[in-house]
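Peer 1: Residue numbers (this note's numbering), protein chains in the order written: chain A, 1 to 328; chain B, 1 to 328; chain C, 1 to 328; chain D, 1 to 328.
Check before you lean on any hint, since a few could be wrong.
Chain copies aren't distinguished; within one or between two, either way the pair holds.
Simulated pairs of lysine-lysine, BS3-like, Cα-Cα distance not exceeding 30 Å [claimed, not checked]:
hint, residue 1, residue 2
1, Lys216, Lys243
2, Lys198, Lys243
3, Lys26, Lys91
4, Lys109, Lys198
5, Lys322, Lys297
6, Lys13, Lys293
7, Lys322, Lys243
8, Lys216, Lys198
9, Lys198, Lys297
10, Lys322, Lys216
11, Lys26, Lys43
12, Lys293, Lys43
13, Lys297, Lys13
14, Lys13, Lys43
FYI, nobody ran anything at the bench for these hints, they're computed from the structure.
There are 4 protein chains.
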Amino acid sequence: MRFGVIGAGRIGKIHAANVAARPDCKVAYVADVDAAAAAALAKSTGATVSAIDAIMSSNAVDAVAICAPTDMHADLIEQAARAGKAIFCEKPIALDVERIRRCLDVVAKTAAPLMVGFNRRFDPNFAALQARIAAGAIGEVEIVTITSRDPSPPPISYVARSGGLYRDMMIHDFDMARFLLGEEPIAISAMGSALVDKAIGEAGDVDSAVVVMETKSGKLAQISNSRRATYGYDQRIEAHGAKGMLSAGNLRETTVEFAGANGIVGDKILNFFLERYALAYRLELDTFVEAVKAGRKPSPSGEDGLAANRLADAAYLSWREKRRVTLA
Amino acid sequence: MRFGVIGAGRIGKIHAANVAARPDCKVAYVADVDAAAAAALAKSTGATVSAIDAIMSSNAVDAVAICAPTDMHADLIEQAARAGKAIFCEKPIALDVERIRRCLDVVAKTAAPLMVGFNRRFDPNFAALQARIAAGAIGEVEIVTITSRDPSPPPISYVARSGGLYRDMMIHDFDMARFLLGEEPIAISAMGSALVDKAIGEAGDVDSAVVVMETKSGKLAQISNSRRATYGYDQRIEAHGAKGMLSAGNLRETTVEFAGANGIVGDKILNFFLERYALAYRLELDTFVEAVKAGRKPSPSGEDGLAANRLADAAYLSWREKRRVTLA
Amino acid sequence: MRFGVIGAGRIGKIHAANVAARPDCKVAYVADVDAAAAAALAKSTGATVSAIDAIMSSNAVDAVAICAPTDMHADLIEQAARAGKAIFCEKPIALDVERIRRCLDVVAKTAAPLMVGFNRRFDPNFAALQARIAAGAIGEVEIVTITSRDPSPPPISYVARSGGLYRDMMIHDFDMARFLLGEEPIAISAMGSALVDKAIGEAGDVDSAVVVMETKSGKLAQISNSRRATYGYDQRIEAHGAKGMLSAGNLRETTVEFAGANGIVGDKILNFFLERYALAYRLELDTFVEAVKAGRKPSPSGEDGLAANRLADAAYLSWREKRRVTLA
Amino acid sequence: MRFGVIGAGRIGKIHAANVAARPDCKVAYVADVDAAAAAALAKSTGATVSAIDAIMSSNAVDAVAICAPTDMHADLIEQAARAGKAIFCEKPIALDVERIRRCLDVVAKTAAPLMVGFNRRFDPNFAALQARIAAGAIGEVEIVTITSRDPSPPPISYVARSGGLYRDMMIHDFDMARFLLGEEPIAISAMGSALVDKAIGEAGDVDSAVVVMETKSGKLAQISNSRRATYGYDQRIEAHGAKGMLSAGNLRETTVEFAGANGIVGDKILNFFLERYALAYRLELDTFVEAVKAGRKPSPSGEDGLAANRLADAAYLSWREKRRVTLA
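All chains should be modelled from the sequences, with the hints used to inform the complete structure.
Peer 2: Written out as structure tokens, the structure reads:
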């Protein structure tokens, strides 16, 4: 499977490396407006630098990995779909839900395989937890609890264009909640504050947020986000059900513990998503490749991307208007 | 300090035993409509069976421990306050907030010492966590997360008269949230379902519930409750702040772990509140006695009781009317 | 059951309080050469100060708790046995194995119930571990591993008269090894050093020690001792068997953990035996009382005391002569 | 750096893959008596199949990775040393200590870089623990405790030619003990039994073993081995010192825990050395390459290999002759 990788930034490098590491795949082309970045990534993966249009129209490309800025995602997906490529796209498809819908219409017409990059579903810990729910380990899921905190806030410039915490950060947790609940939330109530950095508040966003959701059958979910955690990249999940509770916790740098006069000191947790989710990114790419090769619709799908964005919009609305929001 | 214990049921026995165990205290009298229960408790604590009015008017009684049914609490507090007794009363003061207010007015006029039995503040784990927050260990508190689940649901008859989950169960968590936040919540949004037992739903209550709250300065809290946890009495707290996170977890029956072909199996957590909070009840009583002896106003106070009930009412309203509720 | 408590020191106080707390028992008399200590303990337990001979000959005494200095134990046991009392005696019966044998001969002739105070068998964690071995949870025990470290070394004066580390400290671990192995060790090899305090070495003893033992059927045990652990009173056990491993660990002061920039910091472990084994002492006394009331031979018995001392002697010999020692 | 890999079995594949994954290294040639195995490994690493003598004399080979059967190691090391290659050799150099000495004499004369494959030193957990000892975290090391258990016993045929448990399995622990103690053991006492499989005992070996060792300055070490652990590949270390204790534990398959009616069930530990030490093998190879490129003597050295074998011999002697053995 020959890939065109569009975007040679941080996430483009991860996906390109994972493609290159598979014996049955190849990074054929890399495109980026930053010529140096494109050249470097092409070199490290044995690819050729090219332009987006050339990649899209090349017969030597079977799949594209869209790792460009968010505002290009929907256009690129449509272009790739029309060109008959299999598409792996980083989340979100777009910030605007209507734009996502139009994009998915195009994809539906072309029947192009599309997978959206919710990498956390592929974290071996979270994937195992979900698999055990699916196998009935806790019976019906009743309450899902997701904790997700970044080690430190992004630059204000990022906050301004990212759509804000609910859309750029909590979107992962909305997807995870759906993944674990196995049902769509029908109502949401969000609270949030700028406690970490006043400038985030002045930019019209929050850096600390909690959300509750419920599904039609009454299942409940709660999410907690912060843009700062002194102890590292805090990524935890609990699912409580009729037969028990499953939880998946953080990964520590090592298992070393020091017992001394001040207590028992365990190692720090992994500090950021590139470390914590390195394996998840690889398994995500593997899943995409295997699905495309087998002719299966990849999951998480474009519809999963849409659903997460709708929840993010609803959360943002709930926070801004200080009210509970119902989803149609 | 000579106590009159009013109510010889499960909780009355606990408090009476803790009074009797102190060398500086004595259970002088026990009253209960169930004569056999009163006699048994009087015998085991070296006390005399008496009647409520007699206890209230006795010069040989310095303090009363009100462990009678909830609907008697407010009347008994007023009677005891007018009689000049120090008052320890189980939560809640009343189910009706206006009744609580009138009761506290009487207490205020008499200046009687009044402590409300939020026992969890005295759990050594939670008390240590709060003390470390107060000492600045995590800087400003930003997000408080409370998980509280009972091993199994109460009888429907109890649900009918208890005021429901938000008022009989989550009230402890509202008090804990206030204790840890150090600020009053000004808004609340509650969701809840009857997932454990349909009969609870038919009785107009929920058995699974999640709540989010915020304070004026933007601090956030989330609470999760269930009337059933197959793994025992789940009682956990997290407080996330500018400098780090403090957490306090469950207590296991023993430290024994079995490593075998199916994984590493740790012991169950303590199964119910009598075991989990046995020490908390003792420390609570000690705190009451020490405060009264020293002439300090006991804490948690009647006002703490009122505040927790107001939050419970707001949660119930939020759940019933499916909206976010603002507290004046 | 009416007790005479002989010795009003640290351990005497513990046992006396546990006797006094039982509704079916009473501390009738207390004896100690330190009159003030005897008076204080008598007062706190509702007893009367008396003399050893008077206690032994009193018809108002059913049982004696021997908490006097070690060099008095054997004489007191014999005196009590001849007086027909049930006997609870702190370990060891004597430092000299021949003296223990003679003492047990007297006990055997009188058929007096005798229990030796190996309190750790009654620690709920270790007791549960042993019960699970007995119930077959790990199949045949193959390797027992015991770690036992004190927070800080005793005064040199104590080392001089205690018989040394193998006899005053590791004796508990020898008893625990026998308790868990269910077989007698037939060979032992000990190594030890004075690493904590040179003065201990100069006094002819060690403060750090490791031992290996084997039984006739080839079961293995290893013990590790240190007179100093900066992190508290380290008391751990592992039992490895054909079907898995059971372990029992330390108890922490609270469950509170702090996650911060330097890692995850858990609370210290309980710092000394009075805290760690408070419950074990109570259950030990309960076991003695129940056995005597039921007419059962109490366990651990005098023979258990003898066996532990024999192992301690063998360990000391192994260390001093730098050789493996075989037990007859 | 161009490698000749000698031996295309399980361990040869690991080292070859790690060589191939480095951009600055290349597997040039692979040799194995099993032509199919050699061909498969050559194919997967982009190498050419060759013969040992050809590899040794090739100017296109800078280093050899010796992954052949143990009885060929010493000859191959000598041949490679004389041919001026850098040498990475799996442990042990030979089963016979005199043969190891002669081999190291040859290496010393040629000044060829030689590293012996004690992979556990490179496990990130154990490496971090050792680094913290070296940085003074616990002050002087006093007691090192190593637990090492395989999930299941090897075939009897392996036991017969491996030199036995002390030489093929515990040798890793002897190296680890030396690594952590920072001093040479001067005495050892070993006990062992065939508890897992009688056939192992009939073959003259043990499958369960414990050892104690001491150094000149009195530092102590204890090792526990079993050929079977139902719960997986048990690999743990503790180092107790003047300022505290460091420990490093097992790795679990995931962080998922299930809380249910039977307790809290954590995931199994990693089941075998290929999983547990995959990263250690990579870091080991990296260390070898970096040392050779920088002109530094690689560590662990041939002398480390010799020292571990001497301890294994002493342990075997101690076990067989039932006595403490002193090392010169």
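Peer 1: Now look at each hint and say whether the structure bears it out.
Peer 2: Checked hints:
Only within a single protomer do Lys216 and Lys243 lie at most 30 Å apart by alpha-carbon distance; the minimum there is 21 Å, versus 39 Å between protomers. When the C-alpha separation of Lys198 and Lys243 is checked against a cutoff of 30 Å, the pair qualifies only between copies, where the shortest distance is 17 Å, while the shortest distance within a copy is 44 Å. Taking the shortest alpha-carbon separations for Lys26 and Lys91, only the intra-copy value of 23 Å comes in at or below 30 Å, while the best inter-copy value is 38 Å. In the homo-oligomer, the alpha carbons of Lys109 and Lys198 never lie at most 30 Å apart, since the shortest distance is 46 Å inside one protomer and 45 Å across protomers.
When the C-alpha separation of Lys322 and Lys297 is checked against a cutoff of 30 Å, the pair qualifies neither within a copy, at 39 Å, nor between copies, at 37 Å. Taking CA atoms no more than 30 Å apart as the test, Lys13 paired with Lys293 passes in both settings, with 23 Å inside one copy and 28 Å between copies. Taking the shortest alpha-carbon separations for Lys322 and Lys243, only the inter-copy value of 28 Å comes in at or below 30 Å, while the best intra-copy value is 36 Å. When the C-alpha separation of Lys216 and Lys198 is checked against a cutoff of 30 Å, the pair qualifies only between copies, where the shortest distance is 15 Å, while the shortest distance within a copy is 37 Å.
When the C-alpha separation of Lys198 and Lys297 is checked against a cutoff of 30 Å, the pair qualifies neither within a copy, at 44 Å, nor between copies, at 38 Å. Taking identical chains as interchangeable, the C-alpha atoms of Lys322 and Lys216 lie at most 30 Å apart whether they share a chain (22 Å) or sit on different chains (14 Å). With identical chains, the CA atoms of Lys26 and Lys43 are at most 30 Å apart both within one copy (13 Å) and between copies (18 Å). Proximity of Lys293 to Lys43 under the C-alpha cut-off of 30 Å is found in both arrangements, the shortest distances being 26 Å within a copy and 24 Å between copies.
Taking identical chains as interchangeable, the C-alpha atoms of Lys297 and Lys13 lie at most 30 Å apart only when both belong to the same chain, with a minimum of 25 Å there against 36 Å between chains. Both within a single protomer and between protomers do Lys13 and Lys43 lie at most 30 Å apart by alpha-carbon distance, with minima of 11 Å and 27 Å respectively.
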